[in-house]
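Engineer: First to last, the sequence lines map onto chains A and B. Read left to right, the first sequence gives residues 1 to 829 (the numbering used here). Read left to right, the second sequence gives residues 1 to 365 (the numbering used here).
Errors might be hidden in some of the hints.
Stated by the list, open to error - Covered, in the sense of this in silico footprint (three residues per stretch, anywhere, with C-beta under 8 angstroms from a C-beta of chain A), are these stretches of chain B:
| # | stretch |
| --- | --- |
| 1 | 64–76 |
| 2 | 108–118 |
| 3 | 137–147 |
| 4 | 259–265 |
| 5 | 313–323 |
Hints are computed from structural coordinates only; laboratory data are not their basis. Every residue gets a Cβ at the ideal spot worked out from N, C-alpha and C, and that includes glycine.
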Amino acid sequence: MKTSKSWILDYVDVPEGTTTEDITAALTRTGLKLEAIESAGAEISGPLVVGRVLTMEPEPQKNGKTINWCTVDVGDANGSGDPQGIVCGAHNFAPGDLVVVVLPGGVLPGGFEISARKTYGHVSAGMICSARELGLGEDHDGIIVLPQDAGEPGQDARGVLGLDEEVIELEVNPDRAYGLSLRGIARDVALSVSGASNFRDPALREVPPADDQGHPVVVDDPTGCPVFVARTVSGFDPTAATPDFISARLTAAGMRPISLAVDVTNYVMLETGRPIHGYDADKVQGALRVRRARAGERLTTLDGTDRELSAEDLVVTDDSGLIGLGGVMGGETTEMSASTSRVLIEAAHWDAVSMFRTGKRHKISSEAGKRNERGVDPTICEAAADRVVELLTTYGGATADPGHTVVGTPPPMAAVTMGLDRPARVSGLPIDADTVLALLEADGCVVAREGDALTATPPPWRPDITDPHDLVEEVVRLVGYDEIPSVLPPAPGGRGLTRVQALRRRIGRTLAGAGWVEVVDFPFVGERDLDVLGIPAADPRRQVLRLSNPLSSQAPAMTTTLLPGLLRAAARNVGLGTTSVALFEAAPVVLPRGTEAAPILPVDRRPTDAEFDALLKALPDQPLHLGLVATGDAELPGWWGTGRGVDWSDAVDAVRAVADALGVQLTVAAAAEAPWHPGRCAELRVGEHLVGHAGELHPKVCDAVDLPRRSIAAEVDLDVLIEAAVHLRPAPSFSDYPAAKEDVALVVDERTPAAAVEAALREGAGPLLESVRLFDVYRGEQVGAGQVSLAFALRFRAPDRTLTDEETAGLREAAVVAATQRTGATQRS
Amino acid sequence: MSGPNSSFDPVEVAALSEEEVSRAVDAATAAFAAAATLEELKQARIDHAGDRSALALANREIGALPPQARKDAGQRVGRARGQVNQALAARQEVLEAEHEERMLAEETVDVTLPTTRRPRGARHPITLQSELIADIFVAMGWEIAEGPVVEAEWLNFDALNLGPDHPARTMQDTFWTEPADRHVVLRTQTSPVQARTMLTRQPPIYVACPGRVFRTDEYDATHSPMFHQVEGLVVDEGISMAHLKGSLDHLAARLFGEGIDTRFRPSYFPFTEPSAEVDVRCFVCRGVGSDACRTCRGEGWIEWGGCGVVNPRVLTACGVDPERYSGFAFGMGIDRSFMFRHGLEDLRPLFEGDVRFSAAFGTEI
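Can you build the whole structure from these sequences, using the hints too?
Structural biologist: Now the structure itself:
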């Protein structure tokens with residue numbers, strides 16, 4: 001809500017010396033937050049002065065136009081005191097008139113810079129301004145002619161035009177709809193600014209009594225439209241100009257002045273908060289009628305849109321049919337125009353929920369709708385309509401028709417009961433009962449004390465006050481939030497981070513310590529992203545949860561894999577010149593399940609356990625995934641050597657590092673999963689549970705995402721890994737007897753997994769085997785085609801003695817025998 | 001070599017003469033001193049202290065002396081050998097030290113050479129900021145609660161006093177999932193975690209809920225369809241706005257520095273009543289509001305988040321007795337807090353995965 005400061009002070013007095021900042025600080029403290037203070041003419045800079053036209057010579061031009069070559073007295077504003085020569089295309093003035101002149105160096109709204117320039121055979125040194133050029137309205141038929149007593153030539157014209165006015169912009173929350181009116185703002189100024197007094201309610205006025213002589217109105221739906229007031233004026237001059245103070249105030253409020261009749265309805269809406277609709281009375285046929293629309297009925301609204309209505313929409317009809325979407329927007333057929341001489345004024349109170357739904361349904365956001373859906377004081381319809389009549393008769397030459405239609409009565413406000421100690425208990429401030437009662441009364445409530453409690457009937461402009469806590473907020477805001485003391489609540493015995501939270505941190509630290517860099521990406525994905533990865537149609541990762549309103553049609557669903565985003569980020573880094581990157585992200589993915597809806601449960605009680613379970617079951621699975629992508633060098637080249645490019649094993653090792661950090665044993669097996677290289681993809685398991693995959697990316701995938709071939713990736717389900725994490729690690733016991741080392745080289749078919757050979761060695765060697773490490777893999781002529789030699793270092797140690805050479809040799813032999821039996825391994829000689 | 005002296009030979013053994021022994025010692029000392037390297041010293045040792053050195057040979061002649069002369073000669077030769085050995089050891093030590101010094105000098109490397117063979121890893125600054133905030137609450141005895149990002153409409157809105165026709169629903173631009181009649185949304189706030197907490201446990205409740213949230217905002221320097229929030233919820237007996245103020249002041253001081261506090265302005269949120277906007281004192285100009293302060297743009301205070309007393313309607317919907325318990329809740333942007341804490345003006349680097357950004361923060365912030 002924007003308003004010029006002077007408008008507020010029409011309705012309330014503040015002490016001498018009160019600054020705009022004092023006022024806005026007080027309003028902010030009590031709930032109408034200052035957004036900005038600007039000046040009305042903020043878009044105008046440079047010399048804008050009052051000028052007196054000395055001479056004007058009409059000069060017909062070849063193009064048929066006649067321009068006026070004028071000399072204008074601008075006092076000393078031009079530095080010389082000589083008359084200023086200006087070419088002007090308008091004709092609505094005469095020598096001797098006071099006008100508004102922008103001199104060279106000035107800038108008008110829209111960044112329009114004024115300079116002396118040659119035109120129509122003269123040097124025109126400035127411009128005589130119209131209202132539109134100054135952003136003061138739409139009137140461009142002529143220039144502004146100021147009243148003779150408006151000022152002296154050379155004087156700054158901003159003051160004369162009201163452009164030096166400070167404009168206050170306030171943020172109005174949904175519970176303070178009254179702040180969308182001068183009436184409400186001024187009332188809060190009176191309540192909150194130190195020394196402010198004498199609030200003059202613009203909606204408090206004598207109105208003529210209701211009678212049945214006015215325009216007939218029938219309300220079929222008093223719930224939707226509890227009050228409907230109609231007044232009519234005749235003899236209105238549609239060419240009458242809007243008074244400057246109205247157009248200046250509307251402009252300051254961010255509304256465009258259009259015509260007197262429209263401007264007056266807007267002005268009264270801003271003043272009182274009550275939206276008004278004006279009909280061209282000559283176009284209205286018969287009685288106005290308010291009812292709900294019939295589904296499928298159509299109406300063309302003022303904005304030229306043909307709308308299909310729903311049975312919930314409230315409409316205004318006449319004998320011709322639909323003429324307006326009640327409270328939201330009028331219809332085209334009865335719109336006021338440049339020839340309207342009779343105006344039918346509607347000031348009606350509408351059901352806020354219905355307004356909200358209709359506005360949402362038809363995507364109409366209007367100043368009227370904004371107020372009606374938040375709730376307007378239902379008691380001021382007559383006053384607002386009367387104020388419109390007053391302004392149209394005063395400035396538009398109209399006369400008020402006899403008759404004053406009032407249908408319905410304002411709905412009563414529900415009283416709220418509250419313990420007198422509640423404001424103190426809720427705020428932590430010592431607010432006594434008398435203060436509570438006094439502040440609520442000042443706030444407009446009708447208050448009655450009943451023992452330790454009070455009953456407050458909120459004022460009609462506060463439909464938001466329905467609960468005791470709403471009263472508490474009123475009391476506390478008027479005492480001042482600044483007064484609330486700062487007290488730490490007594491510390492409970494906290495349990496610290498949960499185990500899962502602590503383990504997630506451990507995983508992040510492990511990876512960062514191993515050289516991986518964490519990134520955060522949006523979880524949106526599109527079909528193409530999955531196509532690029534080569535994910536087959538039947539893959540569960542294709543089952544995505546789609547969004548109804550995605551920001552991008554390229555990524556309309558929640559992702560099932562973290563890899564698309566990581567690959568994009570990696571390619572971006574490479575593109576920016578960081579050719580060696582190792583990225584990870586830990587984030588949930590979304591895996592849809594089931595088709596049950598999440599019920600909308602009641603809110604007046606706790607849902608039952610069954611209801612709550614049904615709610616939770618309707619949500620998709622959202623396991624926490626870890627994704628990794630790396631490209632370039634694992635070890636950089638340097639003085640130490642040539643470096644080493646990343647390979648499949650770095651991906652597996654990163655996951656192993658995470659598993660080790662959690663104390664989890666991973667088993668690794670070959671797999672062929674998209675988007676990995678079919679021969680270089682590891683499947684990782686904990687026991688029977690699949691954890692994920694790691695390895696080298698398929699070369700086609702690398703090409704498609706603009707990454708070098710041999711780039712690597714992994715994606716695992718962290719929930720599964722964390723679930724498997726060891727809780728208590730038993731302390732190890734070590735033998736201090738000497739170890740016996742034995743190496744063994746085994747030749748196997750090259751398709752035999754090394755892990756299988758190692759497992760057989762362990763099995764065969766038994767418990768005295770302390771460790772086994774594969775230290776060499778050899779292929780070549782010496783072992784024959786299709787064969788591979790695996791060299792293992794075995795280390796044996798007994799807990800209670802030094803192993804003899806014979807014992808060690810026997811254990812080694814047992815290991816080899818097991819490997820031979822299980823994997824067909826032969827010892828390499 | 002002389003044979004055993006079974007019968008006394010009155011000829012004096014020349015090698016055992018005082019002059020000869022002394023000469024041998026002098027010769028040895030000179031040779032050791034002349035040895036410039038350990039190799040040369042080794043040869044000098046063999047020559048002068050070895051089995052065939054003059055003193056060793058002289059030593060063997062002692063047996064040839066008459067018994068009464070043996071003692072004297074023995075002592076003389078023994079002393080001489082002691083002197084020689086000492087001289088040898090001293091020289092050995094000097095030469096070894098020299099050798100080591102030379103060797104170390106030869107092994108000198110350029111320690112200014114680069115040492116990083118693999119690029120350092122880093123965690124994301126928002127993760128670090130979230131953990132820092134979580135740690136502050138954990139230190140206060142609170143717990144960290146979490147929930148899913150794809151959430152039931154009822155938990156995101158209705159349970160929080162945002163009914164289907166509540167104007168506040170238009171304040172938040174929600175991502176809806178298909179089909180719409182399943183009533184599933186991307187959570188617009190972390191508040192559903194508060195509802196879940198109240199629905200699944202009994203007061204006293206002291207929890208903070210950090211997490212990612214979603215709004216249909218076009219992505220630009222100050223808006224993102226995904227961002228991070230942390231909310232706090234306390235439900236206990238006798239809880240007031242003073243406790244809310246105390247908790248937020250504590251968080252502000254821990255996060256931005258000792259003496260940094262907050263101020264409240266009346267506001268509106270459906271889930272709290274009374275409600276407040278919370279501003280944090282600018283930690284750069286410390287609330288002075290100097291025009292030169294870029295952090296608060298001369299305001300002295302920075303808009304931080306929203307807070308209030310939990311609306312009793314929310315307690316009711318979540319199964320907490322509003323007559324017995326009261327509570328407070330607050331929420332603020334983690335990304336936003338990070339941005340003004342670290343002077344980041346455009347949020348997009350947070351979500352674009354450029355390693356240069358995360359790397360600048362390393363593993364702690």
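Engineer: Are there three or more residues in the stretch 137–147 of chain B whose C-beta lies within less than 8 angstroms of some C-beta in chain A?
Structural biologist: holds (count 7)
Engineer: Closer than 8 angstroms, Cβ to Cβ, for at least three residues: run that test on the stretch 313–323 of chain B against chain A and report holds or violated.
Structural biologist: Coverage by chain A holds here, the residue count being 5 at a Cβ distance below 8 angstroms.
Engineer: Holds or violated: the stretch 64–76 of chain B covered by chain A, criterion of 3 or more residues with Cβ-Cβ distance under 8 angstroms?
Structural biologist: Violated: only 0 residues of the stretch 64–76 of chain B have a Cβ under 8 angstroms from chain A.
Engineer: Given as covered by chain A, does the stretch 259–265 of chain B meet the bar of three residues or more with CB within less than 8 angstroms?
Structural biologist: Since three or more residues must qualify, the claim that chain A covers the stretch 259–265 of chain B holds, with 4 doing so at under 8 angstroms.
Engineer: Taking a Cβ-Cβ distance under 8 angstroms as contact, does the stretch 108–118 of chain B have three or more residues in contact with chain A?
Structural biologist: holds (count 5)
Hint 1 from the earlier list is the only one contradicted by this structure; the remaining hints agree with it.
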